[in-house]
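J.: Whole structure, please, built from the sequences with the hints as guidance.
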Amino acid sequence: MERITATDYKTLAPQELWQRFKAGDKLAFGALAQVHYRSLYNYGLRLTADSELVWDAIQDLLVDLWDHHQTVGDAVFVKTYLLKSLRYKLLKLLPHHPSLHLDEPAPTQLPYADSIEQQIIDDESHTEQTRLLHQLMASLSKRQQEVLYLRFYQNLDNHEIAQIMGLERQSVANLLHRTFKELRSQWSSSLLLALLVLVRSV
Amino acid sequence: MINYRTYEAEDFLFDESFRQWTTGTSPQAAHFWEQWLAQNPDRAEVTQQAQELIHALNDHYQDDATDDRIELEVKKLMSKAAERRETEQEEETEHPVIPLGQRPWWRWAVAASIMLMGVSTWFYVNRLPKPALDSYEYVTRTVTTIPLEEKVNTGTKAINVLLSDGSVVTLNPNSRLSYPSHFNTSARTVYLSGEAFFDVVKNPAKPFLIYANQTVTKVLGTSFLVRAYYREKEVTVMVKTGRVSVYSQKDYENAQQSGVRRVDGVVLTPNQQMTYNLEENRLVKALVEEPAALIANRPSREQVFEDASIARVFSSLERTYGVKLIFDEDALAACLVNVTFNEENLMERLDVICQTIGASYKVLDGQIVITSKGCQ
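If you're matching them up, the sequences are chains R and P in order. Here UniProt numbering is used: the first residue of the first sequence is 1, the next is one more, and so on. Here UniProt numbering is used: the first residue of the second sequence is 1, the next is one more, and so on.
In case anyone wonders, no lab produced these hints; they're calculated from the structure. Errors might be hidden in some of the hints.
Said to hold, decoys possible - With a Cα cut of at most 20 Å, we get these calculated EDC-like pairs of lysine to aspartate or glutamate:
(1) R:K10 with P:E253
(2) P:K80 with R:D25
(3) P:K76 with R:D25
(4) R:K26 with P:D11
(5) R:K142 with P:D63
(6) P:K80 with R:D56
(7) P:K76 with R:D56
(8) R:K181 with P:D63
(9) P:K75 with R:D8
(10) P:K80 with R:D60
T.: Right, dumping it as structure tokens:
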């Protein structure tokens, strides 16, 4: 295999990175992990509020992957494959774990400090909208929340979402359609309401 | 061409270009969508709804993973992978299994040295781009690919440097500033060694970045002082107007490389000051002790013109900002101006004057060229 420098790994196409990893290239494996770490962690947080459990699960998952690098398939969708594996791993861990189960209400959002960028760009109404969205999200079912998340944050298509969640593609489409309809109608009316409250409080 | 007119709010949510516009990551996308909205004003409500949703969803899905934490996890993973690799190789080569005590000593020696090599190569490769990443010489000569111009102030008085976007930098003695003759499309990046007062033209789409001694100061449009002399152990940023954010260069670049929006830094508002301690890598925020001292650092730029000829106005601007204005004196002889300036920056002043006399201007090679048909 052609030798490349550490910085070159950042520019490799996902497919080539995967091929190099399969051939036992440890740096390619590191680069692969680096690329997917944040989306894996972020997805894990949708499944459980226990962040340390998520970090551990990702380590386990990736060590497993390394152990089987010679036998893993030609994953066409590396990201889908990793997200699906993490989901499987967490769901296996969760029934024994007191903090959460998938059928239970969603974990409450942690109060993250706003980024500096946001502080500068945000205005009052923006924060109000974010608060509103938290409420709307809480009114969706776990499944709805998950499809919306995979579609929006992970930017996956219906087929990939179906693979990860073990659903039919058509069910994903229906679920998404319903979610948007609810979100859209409630979004407008809630915002209007919020506006009225603001006007009255001035 | 996609027919965006048929799009509902949720369709916009997943349109790459629309998302780029909403999150302010692509000027091209911004250009396209602003034009599109101007042509399709009836879709304004739907697009606004989509933008609100995108902002809210992005906020909602934020996580608390810092880049340092991810880096740590990857390192942990790599050392685990290295261990696995060793055991795997041993298993392959060591048939039959010999009880521990009877294993020849050299096998252990070989195994141990392979492991050491693996670990040291990993660290070596990771360390490669690190040396003196933050020195003025290093960043200006190697990091940027755009050719830079450099102004060095070896005199005893401050000098003014006009940048291509119209921002003015007052460079104090013993200081150096490097900047591109034209800023690229995504950001306005300059490099400072020493002390300078910045009067930055507002442009939220194109943040202004100052690299100075291990720090990055990010501005959307404001005026402030940066003190970052090479030999000093501290970098100081004082804010006169507007808001600026200051990051350590390491944090800022890590975030840039991994494409993360969240960077740990300090936000400064007027009359606040930030000190970055280079030895402790620490950002400390404080109120400016003596706001008057800061104001003294800022050249006074009050200008009052009553029925003034344009030639007088322009030569006054030239003196105040130390820039060269090129204009047709005869064509503008009949133009008179009544105006008072206080806090306005150079570009704002030019905007007002040019609007009054129906002229336009552009910045060319550090000079300002005025075009006008003249006044009746």
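J.: None of the hints should be skipped; say for each whether it holds.
T.: Here is what the structure says about each hint:
Annotation: proposed proximity of K10 of chain R to E253 of chain P holds, straight-line Cα distance about 15 Å (limit 20 Å). Of the supplied pair hints, the one linking K80 of chain P and D25 of chain R holds, its CA atoms being roughly 14 Å apart against a limit of 20 Å. Between K76 of chain P and D25 of chain R the CA atoms are separated by roughly 17 Å; this keeps the pair inside 20 Å, and the hint holds. At most 20 Å may separate the alpha-carbon atoms for a hinted pair to count; K26 of chain R and D11 of chain P exceed this at roughly 40 Å.
Using a Cα cut-off of 20 Å, the hinted pair K142 of chain R and D63 of chain P holds, with the two alpha carbons roughly 19 Å apart. This hinted pair checks out: K80 of chain P and D56 of chain R have alpha carbons roughly 13 Å apart, not beyond 20 Å. For the given pair, K76 of chain P sits about 11 Å from D56 of chain R by alpha-carbon distance, which is consistent with the 20 Å threshold. At most 20 Å may separate the alpha-carbon atoms for a hinted pair to count; K181 of chain R and D63 of chain P exceed this at roughly 26 Å.
For the suggested pair K75 of chain P and D8 of chain R, the alpha carbons sit about 18 Å apart, so the restraint of at most 20 Å is met. Note on K80 of chain P and D60 of chain R: the hinted pairing holds, with a Cα-Cα distance of about 10 Å set against a maximum of 20 Å.
The structure fails hints 4 and 8 (numbered hints given earlier, in ascending order).
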